[in-house]
Structure formats: structure tokens, C-alpha cells
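Hey, can you work out the whole structure from these sequences and the hints?
There are 2 protein chains.
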Amino acid sequence: MSKDQNTFMQRAIALADQGMQEGTGGPFGAVIVKNGEIIAEASNQVTSTNDPTAHAEIAAIRLACDKLGSFQLDDCILYTSCEPCPMCLGAIYWSRFKQVFYAATQEDAAAIGFDDQFIYDELEKPMKNRKIPFEQTERDQAVDIFKKWDAKSDRVDY
Amino acid sequence: MSKDQNTFMQRAIALADQGMQEGTGGPFGAVIVKNGEIIAEASNQVTSTNDPTAHAEIAAIRLACDKLGSFQLDDCILYTSCEPCPMCLGAIYWSRFKQVFYAATQEDAAAIGFDDQFIYDELEKPMKNRKIPFEQTERDQAVDIFKKWDAKSDRVDY
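Residue numbers (numbering that gives the first Met the number 0), protein chains in the order written: chain A, 0 to 157; chain B, 0 to 157.
Any given hint could be a false lead.
[Stated by the list, open to error] Straight-line distance between alpha carbons at most 25 Å, and here's what the computed DSS-like set of lysine-lysine pairs gives:
id, chain 1, residue 1, chain 2, residue 2
1, B, K127, A, K33
2, B, K127, A, K124
3, A, K130, B, K130
4, A, K127, B, K127
5, B, K147, B, K97
6, A, K127, B, K66
7, B, K130, A, K124
8, A, K33, A, K97
9, A, K124, B, K66
10, A, K127, B, K97
11, A, K130, B, K124
12, B, K127, A, K97
13, B, K130, A, K33
Keep in mind that the hints were calculated from the coordinates and are not lab data.
This is the structure in C-alpha cells:
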């Protein structure tokens, strides 16, 4: 890690502390860097905004994309104060980051009550064995719409 | 599936079609039901809002939580026109849905270019073998903030 990289992570951790102190949400922060400059930063906002998806990483991704006017962050680096949960990991892949730095681990988060591992475990289970039951219906109708998408000449791929 | 359940899924699929036709985003729709009534619905909005996290499920979750003034949807059922990607699956668990219905499969989505399976595969890989490199730094500093959270008397758990 270069000195700059340490500084960016320290900022992510400071945001985690600040958000927690101010009651914004859990003790998590994230910073997004492009060309050596911070373009977006956020702390967890779940409880203050009533949005279970407002983890620090996702809040920062939304801000960065809004700033860049793009739904891709392929030249960007994410600094997050904790190893991403499955939701945020998915968001990181959809955003197509260049690189990710994280500080605390899943196990560290679990030790203070944030059980990401439970979700990782659920992902690996067959649907019928999951704690939240998943059931399939109306597949053919949905696939018909997919075929229309596939044939759509002016679609915007992502 | 009862008649009502079919109706809810058909609505999710109609939203997928509508969003695609109107250029809102990909061919995906989601509906959230509580006590037998739709409380939120959305189609994919990634490309129209420059938000890579604006999948139909997450957009609907945000709307439902806003409407209920809660970051939990534990009495709610999600109807989504396609099997959720890892990001949305994570969001479903954090929202604590009671049940999920889906229509098209991951494989159906992959056939029209939405490769959720790639992300599922990445999740299972050790960090160093992932396509997006993940690197750890500054763990001790981040864990110090976690300890402050653990000791915080007025924290709002989620």
C-alpha cells in the first residue's frame, strides 16, 4: 500500500466512525477513488434512511455513478472499512470496479453482530433448503419478455 | 400458487415488459406484497438512472421500506420476474422477507446476456483468485471502530 492508499482507507474508517457517532447507521464507511482522487464517500445509512440496501459501499456507488453520469465504475478503486457482504459484493461486480481494498473481515463484523456469513451460507444452499423459501412460477411468461429484450434493436446493454 | 399469487407474478412480469419497452432498463420487474396487497413495484432502472444497484428488486425494496417507514420487510412477499442475482439475494436477506417467488431462472437470464452466474462463481473464490482483486489493509483501525459500536449504548441494531 502506498501512502495515498493508506490515506484513502483511513478516510473510509473515519467515515465509519463518524456515521456511527452521528447515528447514521452501522460502523461502516466507503470511499471511491478515480485517478487518485476521492469522487464519492459514504457511511452506512440503513437505519437513518430506512433503506436496508444503504450499506456504505452501495451508498458510495450511487453517489459516484451519479457524479460520473455512468452506471459503470471500471476505472475506480473502492476502499471499504469492512469486507463486503454478498449484496455489496454483487454491487461491486455490477459496477465493474478495477480494485477493492477492505480493512476488517467478515469475522470481525460477525463478532459485533453483523452476520454476513449467514447470507453467504444461504447463497450456497439449494433454494428449497433456504431459510427464506424461494418458489418458482410463471417462468414461460417471463422468458417471453427476455426474448423480446434479445430482439430489441435499441436496447442499452449493461 | 393461488390465483392472487399468479396475479402478482403477472404484474411483476408486466413491469419487466413495460420497463424494457420504455427504456428504463433491463427486462426485469418486481412487486412487494403485504397482507395481500401490493405496497411497492418497480422495473429495472440501471441504465436510465445510472445506478448499477437499481435492479427491480432493490428499487422495489427501497420503495416498500420508504412506504412502511422501516428497514425491515419481514411480513412481506417478493415477486420477481427473474431469480435474484447475488446483490439482490443479499438485499432480500437484509430486508428479511417472509417469502420469495421468482419466474425466469439464472440460466434464462444468462441466455440473454445477464451473467449472474459469473458473480456467484466469483463469490466462492478465494479473494486473491477473483477477477476484481481484493486486498486487505488497516484492519486494526477498522476493528477499533467496531469495538466502539459494540460498546455504544444508544446504537440502533439492524
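Q: Please work out if K147(B) and K97(B) have their alpha carbons no farther apart than 25 Å.
A: It is violated: about 32 Å lies between the C-alpha atoms, which goes past 25 Å.
Query raised in the report: Hey, K130(B) versus K33(A), does the alpha-carbon distance stay inside 25 Å?
Result: holds (19 Å)
Exercise. Are K127(B) and K124(A) close enough, with their CA atoms no more than 25 Å apart?
Worked result: Holds, at roughly 24 Å.
Is K33(A) within 25 Å of K97(A), Cα to Cα? Holds, at about 10 Å.
Do the alpha carbons of K127(B) and K33(A) lie within 25 Å of each other, as the hint requires? holds (22 Å)
### Message
Need the status of pair K130(A), K124(B): alpha-carbon distance at most 25 Å?
### Response
holds (24 Å)
Q) Is the Cα-Cα distance between K127(A) and K97(B) 25 Å or less? A) holds (14 Å)
query = K127(B) and K97(A): Cα distance at most 25 Å?
reply = The given pair, whose Cα atoms are some 14 Å apart, holds under the 25 Å limit.
* Is the straight-line distance between the alpha-carbon of K127(A) and that of K127(B) 25 Å or less? -> The hint is violated at about 31 Å.
- Keeping to a limit of 25 Å between CA atoms, is the pair of K127(A) and K66(B) held or broken? violated (30 Å)
Regarding the pair K124(A) and K66(B), is the alpha-carbon distance no greater than 25 Å?
Distance ~32 Å between K124(A) and K66(B) Cα, so the pair is violated.
> Under the criterion that the straight-line Cα-Cα distance not exceed 25 Å, is the pair K130(B), K124(A) satisfied?
Replying inline: Since the Cα atoms of K130(B) and K124(A) sit roughly 24 Å apart, the hinted pair holds (cutoff 25 Å).
Against the hints set out earlier in the document, violations occur for numbers 3, 4, 5, 6 and 9.
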